[in-house]
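Chemist: Quick note, the sequences are listed as chains A and B, same order.
First residue of the first sequence: 1, per full-length UniProt numbering; consecutive thereafter.
First residue of the second sequence: 1, per full-length UniProt numbering; consecutive thereafter.
A couple of the hints might just be wrong.
Simulated pairs of lysine-lysine, BS3-like, Cα-Cα distance not exceeding 30 Å [as the list claims (entries may be wrong)]: (1) B:Lys699 / A:Lys61; (2) B:Lys364 / B:Lys680; (3) A:Lys306 / B:Lys699; (4) B:Lys646 / B:Lys566; (5) A:Lys204 / A:Lys233; (6) A:Lys303 / B:Lys680; (7) A:Lys233 / B:Lys680; (8) B:Lys699 / B:Lys680; (9) A:Lys131 / A:Lys233.
Short, incomplete list of chain A residues facing chain B, as computed with Cβ under 10 Å [what the hints assert, rightly or not]: (10) Ile125; (11) Phe186; (12) Glu256; (13) Gly259; (14) Ile309; (15) Glu317.
Since the hints were made in silico from the structure, they are not lab data.
Cβ atoms here follow ideal geometry from the backbone N, Cα and C, with glycine treated the same way.
Below, each chain spelled out in residue letters.
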Amino acid sequence: MKVNLMHGAGGAVFSELLGETLTRYTNNNAGGIGLEALDDGAVIPLGDTNLVFTTDSHVVKPLFFPGGDIGRIAVSGTVNDLAMMGARPIALSCAMIIEEGFDIPTLERIVASMDAALGECGAAIVTGDTKVLEKGAIDGIAINTAGVGVTEKPVRDCGLQPGDVIIVSGTIGDHGMAIMTHREGFDLGEQIASDVAPLWPLVKAALAAGDIHAMKDPTRGGFSNAINEMAEKSGVQVRITEEDLPIRRSVRSASELLGINPLDVANEGKVVMGVAPEDAQAVLAAIRSHPQGRDAAIIGVVKEGKSVILETPIGGERFIEPPIGDPVPRVC
Amino acid sequence: MQIKGKISIKGIVQGVGFRPFVYKTAQDLGMHGTVRNLGSEVRVHAEGTNFEEFVRRLSSGTPLSRIDSVTVTDSDEPVPAEFVILESAAGTLSGFIPADVATCDECIKDIFTRGGRYEGYWATSCVNCGPRYSIICALPYDRERTRMDAFPMCGACEGEYTDPASRRHHAQTIACADCGPKLSLLHPDGTTVPGEPLHTAASLLDNGAVVAIRGLGGFHIACTAEAAGRLKGALGRPEQPLAVMATADEIRRVARISPAEWELLNGPAHPIVVLPKKNPQALNDISKLHTIGCMLPYTALHHLLFAHLTNPMLVMTSANAPGYPMITDTREACERLGGHVDYILTHNRVIQNRCDDSVVRDGKIIRLSRGLAPKRERCDLGDACILGTGPELNANISIYQGGFCVTSPHVGNVRNPPTLAYLKETVERTAHLLGAGFDVIAHDLHPQFLSTRYAQELAEETGATLVPVQHHKAHIAAANPGPCIGIAIDGVGYGEDGTVWGGEVFAGAVPDFTRVGHLEPVMMPGGDLATRYPERMLYGILPEEETADLLASRGWDATTLGVLQKQVERQFNITISSSTGRVLDAAAALLGVCRERTFDGEPAQVLETTAIPGTASLWEREFIQEQGRTILSTSALLREAFSRMKTEQTADIAASFQQTLATGIAEIAVMAAEERQYKKIALSGGVAYNQAIESAIRKTVVASGHEYILNTDYPLGDGCISYGQCVWAGTTLKQGK
Ligand SMILES: [Fe+3]
Ligand SMILES: [Mg+2]
Ligand SMILES: [Zn+2]
Ligand SMILES: [Zn+2]
């Protein structure tokens with residue numbers, strides 16, 4: 001069998017590849033939380049604190065889109081993985097693989113954008129590497145960043161407990177829908193902007209406001225994938241109230257026009273968390289006080305059991321399932 | 001001459017009054033001995049000079065029984081001096097779960113007999129009628145293993161139960177007003193409405209109230225025809241046709257009924273029979289189609305209710321959201337139906353097993369359920385015990401074991417948590433009743449169906465072998481497993497090439513089918529979205545300026561239309577499908593008769609209704625040859641329809657479209673049969689319920705001299721899939737593949 005594009009789309013098909021091939025290291029743990037956990041980052045205990053370490057490679061078409069660009073994603077992606085572990089991002093590396101003929105002014109714009117994003121969260125790029133490949137060997141540019149952060153108390157994605165309240169830090173589906181509509185040239189009347197942003201300042205405020213049991217950023221595979229991973233790893237059931245899901249009107253109408261579920265598409269500046277019920281209001285208030293968290297909402301609760309269930313306004317129930325690469329119609 | 005021996009009778013011999021029948025026959029012939037129920041077998045030890053005549057009479061059985069075998073062996077076991085019915089013993093449970101039976105004529109007489117013991121009693125039944133499956137907890141079927149266990153017999157009932165001369169001799173559901181379950185009429189808040197419940201409910205209904213009624217296998221929501229509009233509004237299903245329960249005279253007045261349909265309406269199952277309306281425009285509030293689903297009262301409760309009612313007809317719809325399980329529990333009815341109904345007429349007998357009404361149209365089973373299921377089919381699929389977990393929509397499950405395949409009643413649309421839970425419960429309960437442990441679990445090929453996931457989980461738990469079965473091949477396996485050409489005309493199902501199938505012609509035999517022909521693969525813009533909005537489907541098949549203009553003239557705004565065009569141009573979130581249902585949807589959209597699908601199969605059904613007054617002519621069919629497969633061009637067909645819209649009547653176009661599509665598919669099958677020398681051509685799939693399409697295919701097949709096969713023992717739609725999956729898996733295993 002060969003790797004295909006569906007493997008890269010996240011969701012169930014990707015999980016298979018991950019489970020059967022990409023995590024078969026015997027040397028996979030440096031003392032704390034390692035690769036085996038498939039969490040957002042690795043945790044390495046270091047004296048009284050913990051070092052958190054993560055890496056991510058970024059390609060996106062187009063390089064510049066409403067609300068962001070590949071540079072901003074490259075910084076935010078790694079910073080957010082650190083933040084999801086409860087870690088303050090400190091330093092990042094940056095490796096660029098560039099296609100021969102790539103425009104230097106464009107490169108300058110990307111670097112400037114990365115620098116701005118670093119400034120927003122107080123991190124720095126402290127080391128780097130560049131490779132240039134012959135024309136056609138790569139499509140424009142790919143950026144890998146790795147990052148380290150520190151935390152005294154790591155937050156996992158598997159820590160949901162029955163009784164917890166599920167909070168999402170803002171509207172769902174913005175990034176994926178922005179990229180898709182922009183790339184394909186859909187004229188929807190209203191432009192959708194990506195939410196790409198480093199989340200550390202918002203997460204820091206939330207951590208200070210209450211007891212957060214679990215966090216995850218709903219990137220590839222969207223909210224559907226993230227919440228299922230959290231529920232499954234935690235061994236709990238999550239019940240989401242459809243009416244309470246914050247979804248931008250433009251995203252909703254795009255999804256209704258294109259047949260794409262906004263819960264299945266990527267976000268680059270959102271966090272989903274499980275919070276102790278007594279702390280929920282304080283955490284929500286802390287998130288909302290941050291400009292990126294104005295649309296934050298309590299969207300569900302954690303119960304004993306398994307799977308993720310969406311409760312509809314008319315009293316119906318649906319499963320929220322991790323998307324596979326491509327949707328397949330099921331109506332008979 | 002034999003005068004003594006052991007007689008073993010196998011088959012459907014439970015819950016059908018078999019032991020009393022044996023007893024009575026023994027009395028008549030002066031036999032002495034014993035009879036015992038062993039589950040799927042009744043065993044008789046008897047002695048007497050009329051022994052051979054006794055065996056002969058037993059072999060003819062009772063009206064509800066079905067005898068697979070009668071074996072007589074020598075026995076030296078001592079027999080008592082008289083004839084005795086012994087307690088049931090748990091023997092082999094491989095057999096039969098009795099289905100519910102509509103109230104018999106004699107019981108109807110009883111409830112209307114002045115001063116009689118059963119006068120006015122709502123749960124009157126006898127050895128020939130009454131609840132079975134819906135109250136059964138375990139086999140063998142005896143009172144103590146049913147929900148009637150909660151109602152100890154009074155002296156009078158006990159007397160009849162033990163009296164060999166009585167029709168209620170060993171009738172497990174015997175009960176009367178003194179000892180049996182009782183009715184009550186409630187407000188939705190659970191408080192009691194004063195007065196005699198049936199009388200009061202009848203007058204409330206007559207006055208326009210909406211009343212939930214707890215029946216055999218679940219709750220109905222009932223109201224008069226005048227109140228139908230209000231009920232549909234409350235349910236949020238303004239377009240969906242509802243079924244009615246009515247007196248025989250009323251059904252004859254509003255619908256055209258063939259003698260066969262009349263027999264079916266009155267048979268032991270009393271299903272909903274979908275009948276053509278005499279006046280297609282009549283009762284439009286209940287059904288906007290040219291047909292209406294009718295049933296006769298089938299419990300004593302219904303008969304008594306109609307005796308009190310002035311109205312001869314009630315709308316009777318299952319109390320559930322479409323695709324969700326029907327409500328069976330009184331407290332749940334109060335909680336969930338409060339907003340929709342004014343009153344709740346209920347009783348205190350627990351519904352152990354949920355069972356919706358069966359639906360039959362034109363001799364074809366649409367929904368296999370109350371009275372018809374659990375359905376038992378004798379078939380040889382080998383030694384393994386097989387579970388078929390079914391498809392996703394209109395699902396049921398089947399279990400094969402030891403020469404019989406048992407199919408459960410209708411489960412629903414397995415795409416939400418309550419229905420998935422009901423599917424699991426049905427598997428567990430049926431397996432428990434049958435004493436089945438699965439060696440093999442067959443499931444749909446669709447990776448995302450919840451029934452597929454459930455099959456995978458269950459296999460992991462039990463170590464059973466998984467067998468995925470392509471949806472349309474399961475259709476044909478259910479229709480005819482032997483060598484044939486199979487035509488599956490359907491909604492959509494996951495195909496082996498990752499596209500969505502649904503208009504397929506196969507050649508071969510289970511488990512080797514070759515896809516030899518199909519409908520043209522066309523675009524479904526937005527996937528499932530195109531199913532909900534058939535005009536998207538229309539543009540997917542005819543992505544042309546003319547189509548866009550038509551949509552614009554129908555009020556599509558520029559943004560929406562622009563996005564649809566772009567989506568098709570960029571091939572963004574497009575599914576490719578050869579479904580027959582989607583082509584009919586597109587035709588309904590083209591003719592402007594259905595713009596949004598609000599219930600299962602709506603566009604295609606509305607198209608069929610539209611075509612009724614039309615005259616069908618056969619248009620040109622355009623076939624494409626590709627990699628040895630014959631493909632019928634549906635875009636050419638739709639374009640033809642489009643071009644005729646300026647000059648021809650809508651009804652004529654609808655009729656001709658159906659006729660040409662059906663004939664084209666049948667021609668592919670006939671060509672394949674001739675080329676590959678098959679004698680039989682089998683048809684399955686939900687589109688085959690369309691009378692015009694089915695008869696056009698039948699005519700073409702029959703005219704070609706091939707044998708035409710339509711398996712009317714199972715639903716043609718997805719209610720046959722779980723059975724087809726079992727056939728597929730069993731045959732595969734037997735052939736060692
Ligand atoms: Fe089907
Ligand atoms: Mg991450
Ligand atoms: Zn009876
Ligand atoms: Zn009694």
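Chemist: Should the hint that Gly259 (chain A) touches chain B count as held when the rule is a Cβ pair under 10 Å?
Modeler: This interface hint holds because 3 Å falls under the 10 Å limit.
Chemist: Do the alpha carbons of Lys204 (chain A) and Lys233 (chain A) lie within 30 Å of each other, as the hint requires?
Modeler: Roughly 24 Å separates the two Cα atoms, so the pair holds.
Chemist: When you check the alpha-carbon spacing of Lys303 (chain A) and Lys680 (chain B), does it fall within 30 Å?
Modeler: With Cα atoms ~55 Å apart, Lys303 (chain A) and Lys680 (chain B) exceed 30 Å; violated.
Chemist: Does the closest beta carbon of chain B sit nearer than 10 Å to the beta carbon of Glu256 (chain A)?
Modeler: Constraint on Glu256 (chain A) satisfied, holds at 8 Å.
Chemist: For Lys364 (chain B) and Lys680 (chain B), compute the direct alpha-carbon distance and say whether it is at most 30 Å.
Modeler: holds (20 Å)
Chemist: Given the hint that Lys233 (chain A) pairs with Lys680 (chain B), does the C-alpha gap stay at or below 30 Å?
Modeler: Given pair Lys233 (chain A), Lys680 (chain B) is violated - Cα atoms ~53 Å apart, limit 30 Å.
Chemist: For the pair we were handed, Lys646 (chain B) and Lys566 (chain B), check the Cα-Cα distance against 30 Å.
Modeler: holds (28 Å)
Chemist: Given the hinted pair Lys699 (chain B) and Lys61 (chain A), is their Cα-Cα distance within 30 Å?
Modeler: Violated. Lys699 (chain B) to Lys61 (chain A) sits at ~55 Å, over the 30 Å cutoff.
Chemist: With a cut-off of 10 Å on the beta carbons, see whether Ile309 (chain A) makes it to chain B.
Modeler: holds (6 Å)
Chemist: Measure nothing beyond the straight line between the CA atoms of Lys306 (chain A) and Lys699 (chain B); if it is 30 Å or shorter, mark the hint as holding.
Modeler: Between Lys306 (chain A) and Lys699 (chain B) the Cα gap is close to 52 Å, so the pair fails against 30 Å, i.e. violated.
Chemist: Tell me if Ile125 (chain A) is really an interface residue toward chain B, meaning its C-beta lies closer than 10 Å to one of theirs.
Modeler: violated (36 Å)
Chemist: Does Phe186 (chain A) meet its interface restraint, that is, does its C-beta lie within less than 10 Å of any C-beta in chain B?
Modeler: holds (5 Å)
When the structure is compared with the earlier hints, violations turn up for hints 1, 3, 6, 7, 9, 10 and for no others.
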